[in-house]
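Top line first, the protein sequences correspond to chains A and B. Position 176 of the first sequence, counted from 1, bears residue number 176 in my numbering, the numbering being contiguous throughout. Position 269 of the second sequence, counted from 1, bears residue number 269 in my numbering, the numbering being contiguous throughout.
Since no wrong hints were added, every one of them can be taken at face value.
When chains are identical, the list treats them as one kind, so a pair holds in a single copy or across two.
Derived EDC-like pairs (lysine to aspartate or glutamate); straight-line CA-CA distance at most 16 Å: (1) Lys-241 to Glu-267; (2) Lys-241 to Glu-183; (3) Lys-261 to Asp-50; (4) Lys-208 to Asp-19; (5) Lys-241 to Glu-276; (6) Lys-7 to Asp-199; (7) Lys-235 to Glu-276.
Just so you know, the hints here were simulated from the structure itself, not pulled from any lab data.
There are 2 protein chains.
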Amino acid sequence: MEDDEKKAAATAWFVDLRDRICASFEALETDLAEDGLPAGRFARKTWQRDGGGGGEMALMHGRVFEKVGVNLSTVHGILPADYRAAIPGAEAAGGAFWAAGISLVAHPRSPLIPATHMNCRMIVTGQSWFGGGADLTPTFLDESDAKAFHEAFSAACAKHPVADYERYKRWCDEYFFLPHRGEARGIGGIFFDNLASGDWHADFAFVKEVGCAFHAIYPALVRRHLGQPWTVEEKRAQLIKRGRYVEFNLLYDRGTMFGLKTGGNVEAILMSLPPEVAWP
Amino acid sequence: MEDDEKKAAATAWFVDLRDRICASFEALETDLAEDGLPAGRFARKTWQRDGGGGGEMALMHGRVFEKVGVNLSTVHGILPADYRAAIPGAEAAGGAFWAAGISLVAHPRSPLIPATHMNCRMIVTGQSWFGGGADLTPTFLDESDAKAFHEAFSAACAKHPVADYERYKRWCDEYFFLPHRGEARGIGGIFFDNLASGDWHADFAFVKEVGCAFHAIYPALVRRHLGQPWTVEEKRAQLIKRGRYVEFNLLYDRGTMFGLKTGGNVEAILMSLPPEVAWP
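Using the sequences and the hints given, assemble the complete structure.
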């Protein structure tokens, strides 16, 4: 399989996953019947990147999801010289890169429903690899939610010899950590990068498994808490918890940095930021 | 004058400026009579730094100031090896540093009253210098506020041969800029760093002038808008504008970075973050 075919296959699959997830999220909006707000629907907006490529944002402000963004991007170009050392294979390729991916951040309205983040990406420089993962950020820990989320990704990894669940889980815990507060961002999940086993098809199959596992488990967790009443104190705690999310994304997140450094679409990159936040 | 005397003199003056500003801000709280909320009062809290020194936070949640923090810190120790290159004289001193300063960020409740930031600091490594400045961040530009603010600092600089107003104003505009949005954080003011003319007393006199100029102008600008009614749309615009403030402080601000890298007090460093923020 030629490189171009691999790129096309990965890109097409990201689009397909986006469509399926958006449909499931809109179904949750419909199914939450008792709220005074209308059911949310995604609004889509394409963007072009100066320097090559572009993407499509899907953004919904609903009654289950106070704000959820699902971004697709397929970008290519030349990395700034001062950023190449941070990207494997970038120096060898004279800074040339191609990257495609799906990135999702959901901030539910209910403080009892965990926020989440999911990302799958394929990157090509002088090398080619996949990365991705998914993690959960509850304001109030529900042990059974956490267990189900972790089990979903443990099971996804178990089906694929190229994956190493224990390592990816640890990587997630290490990555989504706020050193200045000595706090984890959430309860983790999995995180992987530089996945290039030598068998592209096997790697891609695993990445698809991660996307499908996310699609199977997260809407199911949301559904568990649909319609549960919450208090203003719980909502306030959620707004403060979201502050940690902002701190992580702006101080430490490599994806945010990659996007801003490569002249990505600012609206798309910062779509991850929560709709309302408090720092008391 | 010995180094220790200079450090003591600067530190004492930062304390005095803090006391005078806090008193003026509390007077504004008292003078806004028609609001349903009680007049705010500063709560003070000292903190110790692991590795040397400490500080005192003063935080107020009032009816004029939705959140205002005034921090004093006097810290010393050894800079992390990977951070020394960024600090003049740090390598020569084996990483040893001493720093004292006052830092203020005010987020008024009314979207018609501009937010502000002011900082004065003295730093000693293998070299010794002052830095500081003040800037204004209105949600809605009031030309006469902007003019009065700029004139205050122009006049402060004009009294001191060690100061260069045009350069400090430009430096402020360049510093408080969000490249990813191509937007200024606010309307600027002045910013200076590495001020070491060779005459410490002259430099210190200018720093004091900056603190006094801020104390004279900012409460006066707040007073202009005390009690002016505002709309929910204006308040919403303020919450969104505050998002830019957060983006700047977490993505770019050197003071935030210096504090987090040198193990400063996280609560004090992040006291600058606004009380309520929106990213729509």
